[in-house]
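First to last, the sequence lines map onto chains U and B. Per our numbering, the first sequence starts with residue 11, numbered consecutively. Per our numbering, the second sequence starts with residue 57, numbered consecutively.
In short, the hints are calculated from the structure, not lab data. Treat each hint with caution, since some may be false.
A partial selection of chain B residues facing chain U, derived with a Cβ cut-off under 7 Å [stated by the list, open to error]:
{"#": "1", "residue": "Y85"}
{"#": "2", "residue": "S88"}
{"#": "3", "residue": "P96"}
{"#": "4", "residue": "K98"}
{"#": "5", "residue": "G99"}
{"#": "6", "residue": "F146"}
{"#": "7", "residue": "T162"}
{"#": "8", "residue": "G163"}
{"#": "9", "residue": "V168"}
Positions of the beta carbon are idealized from the N, C-alpha and C atoms, including for glycine.
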Amino acid sequence: EAGVVQSPRYKIIEKKQPVAFWCNPISGHNTLYWYLQNLGQGPELLIRYENEEAVDDSQLPKDRFSAERLKGVDSTLKIQPAELGDSAVYLCASSLGTSSETQYFGPGTRLLVL
Amino acid sequence: AQSVTQLDSHVSVSEGTPVLLRCNYSSSYSPSLFWYVQHPNKGLQLLLKYTSAATLVKGINGFEAEFKKSETSFHLTKPSAHMSDAAEYFCVVTKPSGTYKYIFGTGTRLKVLA
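Excised from the complex, chain U in its bound form:
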């Protein structure tokens, strides 16, 4: 069974440029999560989707970050414009749903903003 797929794996951009990350969860997983992981720290939740509905986006900086999961399968996380402090790893995870606790993580996208 394929795991969570993320692309790109690495991205280097200049500040004020836009950037987008893509995630394809494990087949059949209704719940999708985006996390931010700063260097030397544990991941922090940005947004959680149940199917196509964003049910927890309280930690998403909405002035520059946006996310979508239009058909309830794959998802895109966007930053516009990027700032130097956005340099981090962006992780996507998925789980079966509200009755399942285990989250399965993708390899992440490492973003460097210059």
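Guided by the hints, dock chain B onto chain U, whose structure is given.
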């Protein structure tokens, strides 16, 4: 509120010696607890989880953890370290049901010496 504290940011052991990675939690609920491992440039992989069944939990690659409510601890152990165990380890606490917001510790980097 829930929180988790990983007591050591770095642990070094010699190959073939026991591994102990310490985790203490705080939770107003009976928690679910997880250990994840993150190898360089890889996603987080689930090692084991505790969900109010047996207090001694066995995971993959020879790891196990014991839930001790009286000590609010969930330490990760392995009898004999292997070079391939060198990685970052994260302890995670969450509620046993309902919304699954993972609270991550700051991580422990395990170094295995030849």
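These are the hints, each one checked on the structure:
| no. | hint | in the structure |
| --- | --- | --- |
| 1 | Y85 | 13 Å, violated |
| 2 | S88 | 6 Å, holds |
| 3 | P96 | 11 Å, violated |
| 4 | K98 | 6 Å, holds |
| 5 | G99 | 4 Å, holds |
| 6 | F146 | 5 Å, holds |
| 7 | T162 | 5 Å, holds |
| 8 | G163 | 6 Å, holds |
| 9 | V168 | 20 Å, violated |
Hints 1, 3, 9 from the list above are not met by this structure, while the remaining hints are.
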